[in-house]
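Asks: Here is how the chains run, residue by residue.
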Amino acid sequence: AQSVTQPDIHITVSEGASLELRCNYSYGATPYLFWYVQSPGQGLQLLLKYFSGDTLVQGIKGFEAEFKRSQSSFNLRKPSVHWSDAAEYFCAGARSNFGNEKLTFGTGTRLTIIP
Amino acid sequence: DVKVTQSSRYLVKRTGEKVFLECVQDMDHENMFWYRQDPGLGLRLIYFSYDVKMKEKGDIPEGYSVSREKKERFSLILESASTNQTSMYLCASSWSTSFRGSGIESTDTQYFGPGTRLTVL
Chain Z
30 AQSVTQPDIH
40 ITVSEGASLE
50 LRCNYSYGAT
60 PYLFWYVQSP
70 GQGLQLLLKY
80 FSGDTLVQGI
90 KGFEAEFKRS
100 QSSFNLRKPS
110 VHWSDAAEYF
120 CAGARSNFGN
130 EKLTFGTGTR
140 LTIIP
Chain F
22 DVKVTQSSRY
32 LVKRTGEKVF
42 LECVQDMDHE
52 NMFWYRQDPG
62 LGLRLIYFSY
72 DVKMKEKGDI
82 PEGYSVSREK
92 KERFSLILES
102 ASTNQTSMYL
112 CASSWSTSFR
122 GSGIESTDTQ
132 YFGPGTRLTV
142 L
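Chains as they are written, first to last, in my numbering: chain Z, 30 to 144; chain F, 22 to 142.
Don't take each hint at face value.
Not everything, but these chain Z residues come out facing chain F in the computed CB check (under 7 Å) [as the list claims (entries may be wrong)]: (1) 46; (2) 48; (3) 56; (4) 58; (5) 71; (6) 73; (7) 131; (8) 135; (9) 141.
Cβ-Cβ distance ranges computed for the label pairs, FRET-style [said to hold, decoys possible]: (10) Z:44 - F:75: 43 to 49 Å; (11) F:84 - Z:57: 29 to 35 Å; (12) F:88 - Z:41: 39 to 45 Å; (13) Z:39 - F:81: 32 to 38 Å.
Hint data in this document are derived by calculation from the structure and do not stem from the laboratory.
All values reported here derive from a predicted model rather than from experimental measurement.
Backbone N, C-alpha and C define an ideal beta-carbon position, used for all residues, glycine too.
Take the sequences, apply the hints, and build the full model.
Replies: See below:
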């Protein structure tokens, strides 16, 4: 079965430090991969997505993610975090972008920023 | 900008009540989805709809039903609310590639509403 795993439930980083959030996928072929962010009390906002081509994907708010087929990973990175980045981050995957393809979400990683 | 709205941000109901959660999108999206979000479990798909009057079960449909009479509106119904349905409910919508063709801009990127936090007492 297709799945998306986020191994870190909670991460704490200092403001200005770099960030990497891990995501591993289990799909037979190259999946379509997404990172979403959920700020407290809000819905989910799309940060970036990967479908094909360049394996380094740039997103909004200074985030990027790298697709690594050999490691079945799609980790999210940011070189310098801001206090406003404190939120919950979800990785999601789909087998394709056709029709009714469902997204499978990871369990999320909660990011805390300390001054 | 895509806008997905949900009828209530917070809702408190009693066990056994019939509960309606409404979701409206303004982007002419074909697909609409209902998820519930619980700590440590992430988002789990309840039902989705790819066209008016069409629906398909997601991963956890038990205890829920849905209605889609108009393209822009997708309702989640709890026929008889129970305490284990206390949760955050998120609605999402997306275009359908099968209708609009493939390509980066027409992918099934899902856009989410703000959520409804439902408490069943």
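Asks: All hints, please: hold or fail.
Replies: Status of the hints after comparison with the structure:
Residue-level restraint check for residue 46 of chain Z is violated (minimum Cβ-Cβ distance to chain F is 26 Å; threshold 7 Å). The beta carbon of residue 48 of chain Z is not positioned within 7 Å of any beta carbon in chain F (closest approach about 20 Å), and the interface hint is therefore violated. Hint status for residue 56 of chain Z relative to chain F: violated, with the closest Cβ pair at about 15 Å, above 7 Å. For residue 58 of chain Z, the interface hint is violated, since its Cβ never comes within 7 Å of a Cβ in chain F; the closest pair sits about 15 Å apart.
For residue 71 of chain Z, the shortest C-beta to C-beta distance to chain F is roughly 6 Å, which falls under 7 Å, so the interface hint holds. Hint status for residue 73 of chain Z relative to chain F: holds, with the closest Cβ pair at about 4 Å, below 7 Å. Taking 7 Å as the C-beta contact cut-off toward chain F, the hint placing residue 131 of chain Z at the interface holds, the least distance being around 6 Å. The interface hint given for residue 135 of chain Z holds, since its Cβ lies 6 Å from the closest Cβ of chain F, which is under the 7 Å cut-off.
Taking 7 Å as the C-beta cut-off, the interface hint given for residue 141 of chain Z is violated, the closest approach to chain F being about 15 Å. Between residue 44 of chain Z and residue 75 of chain F the C-beta distance comes to about 47 Å, which sits within the given range of 43 to 49 Å. Remark: the range hint 29 to 35 Å for residue 84 of chain F to residue 57 of chain Z is upheld by a beta-carbon distance near 32 Å. Taken as a hint, the range 39 to 45 Å holds for the pair residue 88 of chain F and residue 41 of chain Z, whose Cβ atoms sit roughly 43 Å apart.
A hinted range of 32 to 38 Å is violated for the C-beta pair residue 39 of chain Z and residue 81 of chain F, which are about 25 Å apart.
Violation of the numbered hints given earlier is confined to hints 1, 2, 3, 4, 9, 13; the remaining hints are satisfied by the structure.
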